[in-house]
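Just so you know, the sequences run in chain order A and B. Quick note on numbering: the first sequence equals residues 0 to 451 in numbering that gives the first Met the number 0. Quick note on numbering: the second sequence equals residues 0 to 473 in numbering that gives the first Met the number 0.
Because the hints were derived from the structure by calculation, they are not lab data. Please note: incorrect hints may appear among the correct ones.
Cut-off 16 Å, straight-line C-alpha distance, at most; resulting in silico cross-link-like pairs (EDC-like, lysine to aspartate or glutamate) [claimed, not checked]: (1) A:Lys403 <-> A:Glu292; (2) B:Lys447 <-> B:Asp277; (3) B:Lys251 <-> B:Glu265; (4) B:Lys37 <-> A:Asp229; (5) B:Lys37 <-> A:Glu292; (6) B:Lys213 <-> B:Glu152; (7) A:Lys346 <-> A:Glu314; (8) A:Lys403 <-> A:Asp438; (9) A:Lys247 <-> A:Glu214; (10) B:Lys37 <-> B:Asp324; (11) B:Lys37 <-> A:Asp98; (12) B:Lys314 <-> A:Glu57; (13) A:Lys382 <-> A:Asp150; (14) A:Lys382 <-> B:Asp277; (15) B:Lys314 <-> B:Glu372; (16) B:Lys251 <-> B:Asp216; (17) A:Lys203 <-> A:Glu158; (18) B:Lys314 <-> A:Glu105.
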Amino acid sequence: MERMRAGLSWLLLLALQFGVSGAFAAQPAPAATTQTAARAGTVTETKLANGLRVVLEEDHRLPIVGATMRYELGADPTGFPLIVPGMMIRQSGHLAVGDYQRLLAEAGGGQLNWSVDLDRTRFSLVVPSEQVSLPLWLWSDQMGFFSSQLDANQVAQGERTLAVERNRVITSTRYGAVREAVRAALYPIGHPYQAAPIERLVVKPTVTSLRNMVEQSYVPNLATVSLVGDFESSAALASIERYFGAFKEVAPTPPRSVMLTDHAFETNLDLAANVDQELVSVVYRLPKEANIEAFRVLEYALGNVSGSAVYWSLEDFVTSADVGLAEYHLASEFRVELKIRADRSGKDALAALKTALRNPMAFSDLTLRGAILRVSMNEALNKESFFWRAVLNARRPEDKGVRKPATLEEARSALASLQQMPRVVAMVRRDPNASIAGDLRAVRRIERVDAQ
Amino acid sequence: MRMTPVALLLAVCGCAGAHAPQPNLAFRSTPPPPLERKPLSLPAVRSFGLRNGIPVSVLQIEGARRCAVRIGIRQPDYPIPVHLQELFRSMLAAGSAEQSGLRFSVRFDELQAQYDTQSSYDATTLRLSLPPESLSEGIRLLAQILSSPSTSETHFERRKAQLTHYYNNRSDGLQHLLVARSLDLSLFGAGHVYVSSFGGASEAKELDYAYLGKAFDTLLTPNNVFVAAAGNCAGDNLRAALEANLGTWKTKAKAPSVGAQTSSIESGPRSISFARVDELPSVHLRWSLAGPNISSDEWATALVVQQILHSRLEKRFRYTLGISDDVGTVWRTNLAGTRLLSYVQVAQDSVALGITALGSELDTMTRAPSEQELEQAKRRAVFRRIQDLADVEAIGDVLADAALYHVTDRMQTFEVDINMVTRANVVSFSSSYLTSSKGAVVVVGAEKSVLPALTKLGWSHQPDIIWDLRWPKR
């Protein structure tokens, strides 16, 4: 089972596009299934009486169906949302331990994965078209019959599984501690993202507390089923109604809304790790109203192997440079991560990066235009994949919206605005006595001297 | 399927909380039956040759938004070390002798095209994806790269320095390279072309610019190149564009033989190698066995056998023993032959159990599968193929692989070939290729947990390679 990580690849990031709050606002339940929207092309959106969103897109080129089940629930300060999906996959009301994976494997299913980010939980896969009902049956069992069979053994097993996962992605991974340290420093104390743990529980779960949480959160009116591929919409809709229609909606919790009013700052994190290469990670926090498409252009421009002056100014310092944009409900993150050559210092590489990004002409018009074209081109490429279309179609309507490609001026404006954004700079130094994940040695918050 | 007492009670009395549906119905307790199965149907592959002999395979998919063009450069009997291969690939992504990589990047952007290069054991491939209306110009640019590649020494030296640094540092990527090298060394034997294709920091440092020039001279010639295109490739007359830009490319006098295939390998007596990575929290086991050549008549059986073994390994490790979720088996193909790689990741205290269980599952393959097991394996093999064809880019890659191994005619007959595999075929194939007394076993993990386990096994072969995560000094 591949477990996808949030915020690590552009392909995945495209799937994480969220917009303004309000997704959790109560929806009046129609008396019967009604079609609430039908978009151009073959994508149709329907809502069941219990609030479950259904997004269907027929594509009969191959006998295959991409399927996504999405819940509007991300990591919270308890850590419970991190433990539940794995437990649901392990067993649910009518599925014994391992049945979920076994049945899908026997049916020929593939690309099975699930993930939890700061805003949502998602299960995705592809199946042969003759098996289109199988994931619906499996996911409906999770939604309707997981909580009633929860017991102490399962909770304990879930805790052990999460501990193993944390060991894999944090404790035993080079630079594994950086992501957690950055997240804690990037948001003010009290912000939901600041306290969101990575692969660990903050509160010890009990059967009762976990059951209560599941019954309030994994519910039809906070969920979306998305299918793309070789099926008949009317039959698929009937199946979804059959499997999910009897589940009751619950009163949604109020949407999270946090104003981030702090001004530009820089927090320096000093970490030591038993690694061969120093690492520099610079993460900017973007406000939720930021023009994400413009920052996506910057991501593509900076990430382009040979297309920017910034790249060339860094190439002699690094063995790799990763750029990422993660978009969430309450804020977004723009990240540049450099692995430093053994004969260079992270300090020098950071200075080179800062200098390059301060230059208004760090990217030529040619480079930015190229990046703008690549953004739209990659969206076109995603549309070729059944799997990714199911993921993308599952986004909430207000998040998908009508997104216009950024203009050259908007991209330049985004570059200039980076100087105003709060940022965290994590520097990982080599220390054979430290852990390989990294040990946080010092945190220093400073006013941004380069803020305009 | 199961019905827990609690669920049963809730279902019968309908007294569950607001969250549970009422009433519970029979369809809840069993998986839905599959619908009627639809056969995989692909358009025919059209093949033709350019005037200079470059073979072209086209799979036209009406209605697709893009065309995926692949130009493969064969590496027949030419031992390019992997680090040189990386430089070779990288230089082909760095523009041409006349225009910089940046200039090419801009042109490809303007065409809404995506360009990159990839390398494998047997070929380096130029990959271009673009809208059909941009085909002519896109192919013109590819032809320019091929016929007049970038020979920038600066670029060469910069990439070489990066590679040297990469080999000198511990990294997860290097760990995989070390494991691969260890497997190849055990399976092919020292001195084999595929083993010599790996090197270390010291070798990378010694690479010189002249060697790269020799690779360009030897490999970049029309009779060493093939073209595969999939998707909507008709918009701008693909054939005319290829003839105009690639068909005029002159064949060099001294060109390598095309499609030369090294004879298939055979598994030797079982050997165990140990790659020491003391910081790993778990242990990786690999068991590699030689298989038939991908172009042989046995290949459909090979794919079905792989599915059966994969499923048995999952069942054994995940459910019966409960010691791993990361287990399976996969075919690795190249011109020298194929290898069936079985893999599992276990905790440090399960090394001996893991190796023994892997071996015993290999041995069970000589017993005939049930009809149901065979049918499920066939279904999975076909669906894996369908997944490989799920988008135009993937279809382009599959077609390029088929062209490289001269099996494009099997693109259309894939499902038929799979469905013809019998239980007897599976037994016969397994008897020929799968046995725990042969193959290369590689164990990667911490010394303190692996070595005692290997000793406990009592196998006659002792660990013969102990590496740190750093590349070994030579």
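Cross-check of the supplied hints:
no.: 1; hint: A:Lys403 <-> A:Glu292; verdict: holds (8 Å)
no.: 2; hint: B:Lys447 <-> B:Asp277; verdict: holds (8 Å)
no.: 3; hint: B:Lys251 <-> B:Glu265; verdict: violated (35 Å)
no.: 4; hint: B:Lys37 <-> A:Asp229; verdict: holds (10 Å)
no.: 5; hint: B:Lys37 <-> A:Glu292; verdict: violated (40 Å)
no.: 6; hint: B:Lys213 <-> B:Glu152; verdict: holds (14 Å)
no.: 7; hint: A:Lys346 <-> A:Glu314; verdict: holds (15 Å)
no.: 8; hint: A:Lys403 <-> A:Asp438; verdict: violated (43 Å)
no.: 9; hint: A:Lys247 <-> A:Glu214; verdict: holds (10 Å)
no.: 10; hint: B:Lys37 <-> B:Asp324; verdict: violated (31 Å)
no.: 11; hint: B:Lys37 <-> A:Asp98; verdict: violated (25 Å)
no.: 12; hint: B:Lys314 <-> A:Glu57; verdict: violated (34 Å)
no.: 13; hint: A:Lys382 <-> A:Asp150; verdict: violated (42 Å)
no.: 14; hint: A:Lys382 <-> B:Asp277; verdict: violated (44 Å)
no.: 15; hint: B:Lys314 <-> B:Glu372; verdict: holds (12 Å)
no.: 16; hint: B:Lys251 <-> B:Asp216; verdict: holds (9 Å)
no.: 17; hint: A:Lys203 <-> A:Glu158; verdict: holds (9 Å)
no.: 18; hint: B:Lys314 <-> A:Glu105; verdict: holds (11 Å)
Of the hints listed earlier, those the structure fails to meet are numbers 3, 5, 8, 10, 11, 12, 13, 14, in rising order.
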